[in-house]
Amino acid sequence: MISMEDWITIKNLKKRNPKMGTRSIAKQLNLSRNAVRNALRSEDPPEYKRKPYINPELQPFQEYITEQYFVKKLKRSRVLNDLQSKGCKVSSSAFYRYIQQYKTEFTRAYMRYETKPGEQGQFDWSPYTVMIEGKQVTIQVFCLILGCSRYRTYMYSLSQTQSSVFKAIEEGLSRIGGVPERIQTDNHTTLYDAKKKEWNPRYIRFANHYGFQPSRSEVRHPWSKGKVENPFSFLENHFIADNEFESFDDFSLKLLDFEKQVNHRIHTTTKKKPIELFNPEEMAVLSPLPKNRFIGILEEFRKVSSDCLISVGGNRYSVPHIFAGRDVWIRISQGRYLEVYSQSNKLIAKHTLERTEKGKIFMNKEHFQGYRGTKGTWNFLSQQFLTIVPGQEDFLKKLKAQKRINSSRHLTIIVEAAKHFSKKDVENVIQLCDKYNVYRGNLFVDLLHQNSEPVFIPKLDQENDLSILSPPGVIRSLDSYCTENFVERSGGRYEWMILSTILKN
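Residue numbers (this note's numbering): 608 to 1112.
In case anyone wonders, no lab produced these hints; they're calculated from the structure.
Glycine included, C-beta positions come from ideal geometry on N, C-alpha and C.
One thing to keep in mind: the hints can contain errors.
[What the hints assert, rightly or not] Pairs of lysine-lysine residues, derived as BS3-like cross-links and limited to a Cα-Cα distance of at most 30 angstroms, are as follows:
#, residue 1, residue 2
1, K1026, K898
2, K802, K693
3, K1026, K1005
4, K693, K680
5, K693, K679
[What the hints assert, rightly or not] Derived CB-CB ranges, DEER-like:
#, residue 1, residue 2, range
6, I882, K622, 52 to 62 angstroms
7, E907, K878, 45 to 55 angstroms
8, T736, K879, 47 to 57 angstroms
9, K723, N815, 19 to 29 angstroms
Full structure from sequences and hints, please.
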């Protein structure tokens, strides 16, 4: 084999003297004619290729190493220990050289495939340390991307608990406006138990509620998605890197703006903008979102005190006064917000969580509006009420006729309560008031709580999960269950109509 210098010289001599023959060049460089001829025919410079050397100690175990490391994907240290236990006297450095030498031969090839519109969504998240309010904060950025259009949504949280993950998927689906047939994830422990090789039961209930099929990628097998793409690469290089944010709200707004930019730029694979493929092509085939959000066994409940406060993490937070003495659901959102939901699954309060101090009370003045006195004139209150439940002018006439001078005070209580319940619930209570000819604010509130649509409770598979159905510590008198305290409704439902409540108010 000739040297690199001889190869370049042969090429240059022939280029400068096209009529010079191989014999003359060979004689001048003291090379064989065949060497010169081969150099002139070759387009690439000569490259020395050493013949692969296999350590004699490893030769009897080649098939075993291939099976254990390249097929079963065991750790190199584990395979080396097994070899040494079998009597192989190879050193660790020689074994690792052998693995590295043959590793490229087993590089996995994959066939790329494109998913149909609405067929697949991919969900993943990644931690980042960013500067917010002049401090380094570790946040989790979640990404839900549709496989066909590459339309994506970004969400963030201060935690990566299962509730935070579910919240991110919910928000992503809500912003997309529908649900794909399946959502593919990696093997995160919050979703999949690798030891038991089964999905987390709560994630299965979550997927069933939203109507998608959960699927996962094999460990360290990005090609199992059909596309090896990193949805966080562009985020890291164009948004996270060398960027500071004035506040969490600033980070959130800029993340939304960045999401919009990504969805309006031409994708390198599809050669089209994700927004153009998403709307209307992929949006039209997505399944509709369920009516209610998911409530699982890890959602916590609180009893609202008489001063309209609930206790969370050593601090107390206010809720609307009509929920005093009632049970409410709470959820920690994005690791920094406290969301409070009524039993009818409606958001009634939201606070920023205090994480550094304890013993504080956080009050929202709006939660106490209408607690005492009226909140506006009768005409103003009537307009608010008819906005919530149109076509109920007769109810207002009967209320004013029965309560006269106090009608505005009762209507204030009714309007404030109606804001936190569905239109259907309010209309049902109006029918009850008409049926018994009783128009009182406090009774209206009680009936709303007692007759509102029940919160969504997922199907429970384990006996231990039954604890969610009955909050511990609740003791009811058996007198509450006597037949005279129930009034039967059509459809087999019963109302809590305690006559003493009517007389008391």
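- Task: Starting from K802, check that the Cα of K693 is at most 30 angstroms away, please.
- Result: The given pair, whose Cα atoms are some 28 angstroms apart, holds under the 30 angstroms limit.
- Message: Within 47 to 57 angstroms: is that where the Cβ-Cβ distance between T736 and K879 falls?
- Response: 34 angstroms, violated
- Should the hint that E907 and K878 are 45 to 55 angstroms apart at their CB atoms be regarded as holding? Once the Cβ atoms are compared, 48 angstroms apart, the range 45 to 55 angstroms for K878 and E907 holds.
- Message: For a C-alpha distance cap of 30 angstroms, please report whether K1026 and K1005 respect it.
- Response: 21 angstroms, holds
- Query: Does K693 pair with K679 here, judged by a C-alpha cut-off of 30 angstroms?
  - Reply: Holds, at about 18 angstroms.
- Between K1026 and K898, is the straight-line Cα distance small enough, at 30 angstroms or below? Since the Cα atoms of K1026 and K898 sit roughly 18 angstroms apart, the hinted pair holds (cutoff 30 angstroms).
- State, for the Cβ atoms of I882 and K622, whether the hinted interval 52 to 62 angstroms holds or is violated. With Cβ atoms ~54 angstroms apart, the hint holds.
- K723 paired with N815, Cβ distance criterion 19 to 29 angstroms: 22 angstroms, holds
- Message: Does K680 sit within 30 angstroms of K693, going by the straight-line distance between their CA atoms?
- Response: The given pair, whose Cα atoms are some 19 angstroms apart, holds under the 30 angstroms limit.
Hint violations for this structure: number 8 only, all remaining hints satisfied.
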